[in-house]
Amino acid sequence: MIAFEQVRVRYGDVAVLDGISERAADAEWVALIGPNGAGKTTLLRAAARLVRHDGIITIGGVPTTRMSRRQLARLVAYVPQRPQLPPAMTVADYVMLGRNPHIGYLRTETAADRRVCSGLLERIGMASYAARALATLSGGEAQRVILARALAQEAPVLLLDEPTSALDLGRRADALELIDTLRRESALTVVSAVHDLTLAGQFADRLVLLDGGRIAAAGTPKEVLRADVLAARFGTGVQVMTTPDGDLAVISRRPGTAGAGGAPPGARPASAWPPGGPPADPGR
Amino acid sequence: MRYGRLAGRPAGQGKARDPAADPAAGAADASTAAADAAAAGAAGPPGADPSAAGASGVTTTAALPRVRPGRALAIAAVALAAALLTGVSVGPAGLSPQMVIEALATRLPWHPALSVPGVDTAIVWQIRLPQVILAALVGAMLAGAGAAYQGVFRNPLADPYLLGVAAGGGLGATLAIVAGTGSGLVQPAAFAGAAVAVALTYMLGSGAGRGGESPGTGGATASIVLAGVAVAAMLTAIQTYLLQQHSQELQQVYSWILGDLSLASWSQVALILPYAAVAAGVLLAHRRLLDVLRVGEEETASLGVDVARLRLTIVLAATLGTAAAVSVSGLIGFVGIIVPHTVRLAAGASYRTVLPVSMLGGAAFLVLANVAAQTVQAPGVVPIGVITAIAGGPFFLFVLRSRRARRELA
Numbered sequence: 290m291i292a293f294e295q296v297r298v299r300y301g302d303v304a305v306l307d308g309i310s311e312r313a314a315d316a317e318w319v320a321l322i323g324p325n326g327a328g329k330t331t332l333l334r335a336a337a338r339l340v341r342h343d344g345i346i347t348i349g350g351v352p353t354t355r356m357s358r359r360q361l362a363r364l365v366a367y368v369p370q371r372p373q374l375p376p377a378m379t380v381a382d383y384v385m386l387g388r389n390p391h392i393g394y395l396r397t398e399t400a401a402d403r404r405v406c407s408g409l410l411e412r413i414g415m416a417s418y419a420a421r422a423l424a425t426l427s428g429g430e431a432q433r434v435i436l437a438r439a440l441a442q443e444a445p446v447l448l449l450d451e452p453t454s455a456l457d458l459g460r461r462a463d464a465l466e467l468i469d470t471l472r473r474e475s476a477l478t479v480v481s482a483v484h485d486l487t488l489a490g491q492f493a494d495r496l497v498l499l500d501g502g503r504i505a506a507a508g509t510p511k512e513v514l515r516a517d518v519l520a521a522r523f524g525t526g527v528q529v530m531t532t533p534d535g536d537l538a539v540i541s542r543r544p545g546t547a548g549a550g551g552a553p554p555g556a557r558p559a560s561a562w563p564p565g566g567p568p569a570d571p572g573r
Numbered sequence: 096m097r098y099g100r101l102a103g104r105p106a107g108q109g110k111a112r113d114p115a116a117d118p119a120a121g122a123a124d125a126s127t128a129a130a131d132a133a134a135a136g137a138a139g140p141p142g143a144d145p146s147a148a149g150a151s152g153v154t155t156t157a158a159l160p161r162v163r164p165g166r167a168l169a170i171a172a173v174a175l176a177a178a179l180l181t182g183v184s185v186g187p188a189g190l191s192p193q194m195v196i197e198a199l200a201t202r203l204p205w206h207p208a209l210s211v212p213g214v215d216t217a218i219v220w221q222i223r224l225p226q227v228i229l230a231a232l233v234g235a236m237l238a239g240a241g242a243a244y245q246g247v248f249r250n251p252l253a254d255p256y257l258l259g260v261a262a263g264g265g266l267g268a269t270l271a272i273v274a275g276t277g278s279g280l281v282q283p284a285a286f287a288g289a290a291v292a293v294a295l296t297y298m299l300g301s302g303a304g305r306g307g308e309s310p311g312t313g314g315a316t317a318s319i320v321l322a323g324v325a326v327a328a329m330l331t332a333i334q335t336y337l338l339q340q341h342s343q344e345l346q347q348v349y350s351w352i353l354g355d356l357s358l359a360s361w362s363q364v365a366l367i368l369p370y371a372a373v374a375a376g377v378l379l380a381h382r383r384l385l386d387v388l389r390v391g392e393e394e395t396a397s398l399g400v401d402v403a404r405l406r407l408t409i410v411l412a413a414t415l416g417t418a419a420a421v422s423v424s425g426l427i428g429f430v431g432i433i434v435p436h437t438v439r440l441a442a443g444a445s446y447r448t449v450l451p452v453s454m455l456g457g458a459a460f461l462v463l464a465n466v467a468a469q470t471v472q473a474p475g476v477v478p479i480g481v482i483t484a485i486a487g488g489p490f491f492l493f494v495l496r497s498r499r500a501r502r503e504l505a
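If you read the protein sequences in the order shown, they are chains A and B. Each residue of the first sequence is one higher than the last, beginning at 290 in the working numbering. Each residue of the second sequence is one higher than the last, beginning at 96 in the working numbering.
Derived by calculation from the structure, the hints in this document are not laboratory data. A few of these clues could be false.
Simulated restraints on C-beta separations [to be verified]:
no. : chain 1 : residue 1 : chain 2 : residue 2 : range
1   : B       : Leu180    : A       : Arg355    : 33 to 43 Å
2   : B       : Pro489    : A       : Gln370    : 24 to 34 Å
3   : B       : Asn250    : A       : Tyr300    : 44 to 54 Å
4   : B       : Arg202    : A       : Thr399    : 36 to 46 Å
Quick look at which bits of chain B chain A covers, simulated, 3 or more residues with Cβ under 8 Å [as the list claims (entries may be wrong)]:
no. : region
5   : 356-365
6   : 392-403
The beta-carbon is built from N, C-alpha and C at its ideal position, and this holds for glycine as well.
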C-alpha cells in the first residue's frame, strides 16, 4: 500500500535518511525501530510530506508528491509523537478535525461527518467525553482521542510516531491492542515508530531496524529481535529472551552485570512475567 | 456555551431517550459547566471530574453535538443594536430618543407622516448616523482582524497592527500631510502605506527561516512576526524623522494618529465598506479552518490544508480590512486584542464563535467608545484611542483574572 523507494532526506549537509527502500502491504503493521536519531520520525514525516525528500514514496502506486495535501490526507493519517492538544478544545471538536480532508475548503461538516466522529468515540469507549475539554483528559484518554482523530480521516494508511511514549506500561499495551484491533477491523496499513522493542515484536507483523538513516535489518520479529542484530545497533547490553508464551522480550542489562546473567531464553518461571511482557527499555 | 442542545438532539440515532428531554438539555448545559469547572481546576477538587463525566453521560447515545455559536451571536447582535441606538441618540444637540427615532423614520421608504424639523433629520442622518456606522465598521474590522491574526499566528498577543499596518498607515498619512496634498489624499496614502508595509513584512518574513520543511506546511510564522517588528520599527523611524523635519504639521499628524471619528461622513463609509465587506466575508468563510490551525501548522498540513496559502489568504483579508479601517480612523489601539479575548473567555475558543462574535462585539465596543469620546469632554472631543485604552484596559484585566482565563490562555 505504501512504498518507499530510495528515499533520502537531508538537513543541510547531514543525511538523515540515506536511501530507504521498504514497503508495507495492505493491512500490514510495520514497526520502525532503532536507536535515537536513526531516522524513524523523519521517515514518517517524509511519508506525510512534512519534510522534503528525494526518492519516491507511493501510496497505492501514486507518488505522494503528485497529490494535493487534501488528497494525501485522505490516504495517510499522521500522528506525531507529541500532538498539540488545544486545552480548551472539546473532544468532539478535536476528533472532527480529522474530517477536514473530507470537508470542502470553505464548507462546514455534515451530519455524515458527525456520525463518523460519534461512531469513533463510541468505538473507543469515549462517547460520554464529547463535550469535555482536552485539558481534562488523562494521558491514556488523550491517546485514544488522538487515535480517533487520525481514524476520522478514514485513510487506509496510518502513520504513528511513538504512539505510546506518554503512557505507562499497562496503558502502552492497551493502546497498541486498540490500534491492532482497529487496523484489523478496517484493514489499515500501519507504519509506526516504536521505541519499546518488546512491544514492537508483540504487535507488528514486520520490524524495520533503522540506524544512521539506513535500514540495518528488516523482517519478522524473530528475524530482527536477535541479540547479535540488536547489539550492533544498541550496544552489547541488550538481551533477548523468549517468554513462556512465545513472545520475544528485549531487556537491557546494567553495564556492570552484562554477561553475568546469561540466562538462556525461556529460563525464567512464567510467574515472573507480568502480562504484556517485562519492563523493557532497550539501551537508549 | 458552544453546543446548543447536546442531549436534546439524538439526531436519528433512534435510541429511546428519557422523556425528560428538555431537562436533559439543561443537563447538557450543566455538563459543559461541569467540564469547564473541571478544566478550570485541574488542581481543583478531585470531585469535579467524576461529576462532569457523570453529567455528560447523558450524551452517550447522541450524535456529536453541532457547533452553534447561536447564543453568543444573538447576545452580541443585541448589544450592537443597543450600541447603535445609543450612538445615534447621544450628542451635543440634545435630541430626545423619540425625536431621533422619528428623524430616522422620515427617510424610510414607507415612513409614517411625521413632522420632524429638517435640522434634526440632518443631524441624525448626516452627522450621527455616518459616525456610528463608521465606528461600527472600524470596530468590526479591528476586532475581526485581531482574532484572525491571533489564530493564524497562534499568538494571543497578535493584534491587527502586528505586521506593520499601523506603522505603514502612519507613515503614509504623514507623507501625505507633510507633502501638503490636502486632506483628500491622506486616507488613500494611509491605506497604501499600510498595505505596502504588510507586503514588505510578508515577503521578508516568509522567505526567511525556510528549513527543510515541505511546501505548504507553513513553517515561517515566527520569522513573519519578527519581520513585522523590524518593518514597523523602520517605518516608524522614517515617520519620526519626517515629523522632526516638519514640526509645523506635528499637530495634524498627531491628531490623525490618535484617531477621530467625529468628522465621519457617508463618503468615508462608502470608501471602506467594500473593503470591510470583502475582508469580513473572507475571514468568516475561513473560521472553521482557523480552528484546524489550533493544532499547529504541521498537524494542520497533515490534515490536508495548504498552510502557507491559508495563512496568506487570511493575512491578506485581515490586512485589507485593517488598512481600510486605519485610513479613516487613525490608530485605534486595543480593540483587536481585548474584544477577541473577551469573547473567547465568555463564549469559548472556537473560531466559529470567536470570529463573528468579535466582529459584532468590536463594532458595539467602538460605537460606545465613540459616544464616550464625544461626550466626556463635550464640546471637546477626546481621541477615541484614548477612550478604548482607558475603558478597555481595566475591563480586560478584570476578565483576565477570571478563573476561566487561566485555562483558555494556558
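Verification of the supplied hints:
| no. | hint | in the structure |
| --- | --- | --- |
| 1 | B:Leu180 - A:Arg355: 33 to 43 Å | 58 Å, violated |
| 2 | B:Pro489 - A:Gln370: 24 to 34 Å | 43 Å, violated |
| 3 | B:Asn250 - A:Tyr300: 44 to 54 Å | 26 Å, violated |
| 4 | B:Arg202 - A:Thr399: 36 to 46 Å | 44 Å, holds |
| 5 | 356-365 | violated (count 0) |
| 6 | 392-403 | holds (count 8) |
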